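Asks: Residues per chain, in single letters:
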Amino acid sequence: DAKTTQPTSMDCAEGRAANLPCNHSTISGNEYVYWYRQIHSQGPQYIIHGLKNNETNEMASLIITEDRKSSTLILPHATLRDTAVYYCIVRSDASGNTPLVFGKGTRLSVIA
Amino acid sequence: GAVVSQHPSRVICKSGTSVKIECRSLDFQATTMFWYRQFPKQSLMLMATSNEGSKATYEQGVEKDKFLINHASLTLSTLTVTSAHPEDSSFYICGAKVPYGYTFGSGTRLTVV
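Protein chains in written order, with the working numbering: chain U, 413 to 524; chain X, 77 to 189.
Careful, some of the hints might be misleading.
In silico DSSO-like links for lysine-lysine, alpha-carbon gap of 27 Å or less [to be verified]:
id, chain 1, residue 1, chain 2, residue 2
1, U, K464, U, K481
2, X, K90, X, K140
3, X, K131, X, K142
4, U, K415, X, K117
5, X, K90, U, K516
6, U, K415, U, K516
7, X, K140, U, K516
8, U, K415, U, K481
9, U, K481, U, K516
These aren't lab readings, by the way, just hints derived from the structure by calculation. These numbers come from a predicted model, not from an experiment.
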């Protein structure tokens, strides 16, 4: 699975959009970009994933650049409950039933 | 969506005793369960992979005789921390692969005193 690079931490004002970047310059053609988050003292929570098209669900939007070397997770109207560590993980479906490997992620602090 | 129920959410035990953590897949069958450990301000570290009906595979540096994993059915995997010591105090999380990605339990905070 390709390596990802994320900023260590970010702040966002409550009600504003939170834009979390992820660099995955070595991504290969069959690898998806997954985003998970972990709120303090809870298990990781799936947010969204995509291959090359932009994706949106009830939680967030995922914008993937045309060359697929980077992506941005967008929380459109951040709330205090969105304070968490956000993990960007690149993974191929061909990896089968193998575990998800977590990096350090980005610690997002939503400020009132 | 697919849910993994993990119990207990927190436990305090004395040094030298054993603690069992359970993870149940509530609405799907999990042939494989992944066990992670997380120390404060660190990321999740994979400890082992449990497979229904066979032996678990452990990551390098994880003592299989200390962290006993049992996956006797398609809906239940357990992790037993044997002869616990204060350095085993940590946050333990289980997870399983599902069609859209992975789903995780809510975690167990173990404190060994």
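Asks: For each hint, tell me whether it holds in the structure or not.
Replies: Quick rundown of the hints versus the structure:
{"no.": "1", "hint": "U:K464 x U:K481", "result": "holds, 10 Å"}
{"no.": "2", "hint": "X:K90 x X:K140", "result": "holds, 21 Å"}
{"no.": "3", "hint": "X:K131 x X:K142", "result": "holds, 14 Å"}
{"no.": "4", "hint": "U:K415 x X:K117", "result": "holds, 21 Å"}
{"no.": "5", "hint": "X:K90 x U:K516", "result": "violated, 31 Å"}
{"no.": "6", "hint": "U:K415 x U:K516", "result": "holds, 12 Å"}
{"no.": "7", "hint": "X:K140 x U:K516", "result": "holds, 26 Å"}
{"no.": "8", "hint": "U:K415 x U:K481", "result": "holds, 11 Å"}
{"no.": "9", "hint": "U:K481 x U:K516", "result": "holds, 19 Å"}
When held up to the earlier numbered hints, the structure conflicts with hint 5 and nothing else.
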